[in-house]
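Between the sequences and the hints, there should be enough to build the whole structure, so can you do that?
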Amino acid sequence: MPNDAMRDTLAEKRWLTALAKGDPQALGGLYEMYGERIFRYTLRMLGNRTDAEDATAETFLRVLRRSAELRADGAFRTWLFRIARNLCIDKMRQHKLMELPSDAHYSGSEERATLRVTVHQALADLPIEYREPLVLCDLEDMAAREAAEILKISVPALKSRLYRGRRALRDKLGGTLERTS
Amino acid sequence: MNNVLYNKLVDLYAGRELPAELEEQMELAAEQDAALKREMSSMRNVVDTLHQMDSPEYTEESYQRILMKLYARGAEIQTQSPEPSHFQYHLPLQG
Chain A
1 MPNDAMRDTL
11 AEKRWLTALA
21 KGDPQALGGL
31 YEMYGERIFR
41 YTLRMLGNRT
51 DAEDATAETF
61 LRVLRRSAEL
71 RADGAFRTWL
81 FRIARNLCID
91 KMRQHKLMEL
101 PSDAHYSGSE
111 ERATLRVTVH
121 QALADLPIEY
131 REPLVLCDLE
141 DMAAREAAEI
151 LKISVPALKS
161 RLYRGRRALR
171 DKLGGTLERT
181 S
Chain B
1001 MNNVLYNKLV
1011 DLYAGRELPA
1021 ELEEQMELAA
1031 EQDAALKREM
1041 SSMRNVVDTL
1051 HQMDSPEYTE
1061 ESYQRILMKL
1071 YARGAEIQTQ
1081 SPEPSHFQYH
1091 LPLQG
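Chains as they are written, first to last, in the numbering used here: chain A, 1 to 181; chain B, 1001 to 1095.
Please keep in mind that the hints were generated in silico from the structure rather than gathered at the bench. Misleading hints may appear alongside valid ones.
To be verified - If you want a taste of the chain A side facing chain B, the calculated C-beta under 8 Å gives, among others:
#, residue
1, 12
2, 25
3, 40
4, 54
5, 57
6, 60
7, 138
8, 139
9, 169
Backbone N, C-alpha and C define an ideal beta-carbon position, used for all residues, glycine too.
Okay, structure coming up:
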């Protein structure tokens, strides 16, 4: 296991043990470890900063509520993403938030910004079963096995959705990518 | 070539999941087949674009607003990061 991953695993274990004992620093420690990734994921899913902040906060509240049951067995991160995913799906059902992240903040050149908006719009137009694997595997760089666990599907099913999603995205983007590459 | 197998190979090529040797063979085959070449290049372009997309910014404001939401919902939470200055000092109220 690489040193960084080992350090993260040990820190996660320490914080989860402390959380079960009611240490108020533990939730803060877990939030500092995973808050950014969960926020980015929820923002990509919801396309709206306010809802993403809300979903991120609710994700960590669930951690607190379930602190007695949580185990530092390596599955915590997957569980955390699964909670965030369920919250995103609930929010999408409530608000039908399927549009592009109009208030997402990005930096970079105007041309790249235009490309990002185009890609995000195309992603937002995809059915959720295609969008989720693309967000987890291609945008969040998550391994297929972990993404499959979060989505509660098999790895072959994940890959099938991922490949179909990429094709659907390619078809939606038309010649945009050729023009910008 | 069987269409399903053809698509599968292109998908694996696009995601850089093929062994180098097979990838080279596909690129050689694509030189003789314009449709295959177009398919391989457009799919790889999609994957590369997604992988190179910048992450949305996780700002200090978002970090603090999430913390505030947690406090507001009754969570006991202490972070290691120093509080931003606007949380440390009370601003004088007007009037």
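Taking the hints in turn, this is what the structure says about them:
1. 12: 15 Å, violated
2. 25: 5 Å, holds
3. 40: Residue 40(A) check passes; min Cβ-Cβ to chain B is 5 Å, inside 8 Å.
4. 54: 7 Å, holds
5. 57: 4 Å, holds
6. 60: 6 Å, holds
7. 138: Hint holds; residue 138(A) Cβ to chain B Cβ min 4 Å, cut 8 Å.
8. 139: Cβ of residue 139(A) sits 6 Å from chain B, so the hint holds.
9. 169: 6 Å, holds
When held up to the earlier numbered hints, the structure conflicts with hint 1 and nothing else.
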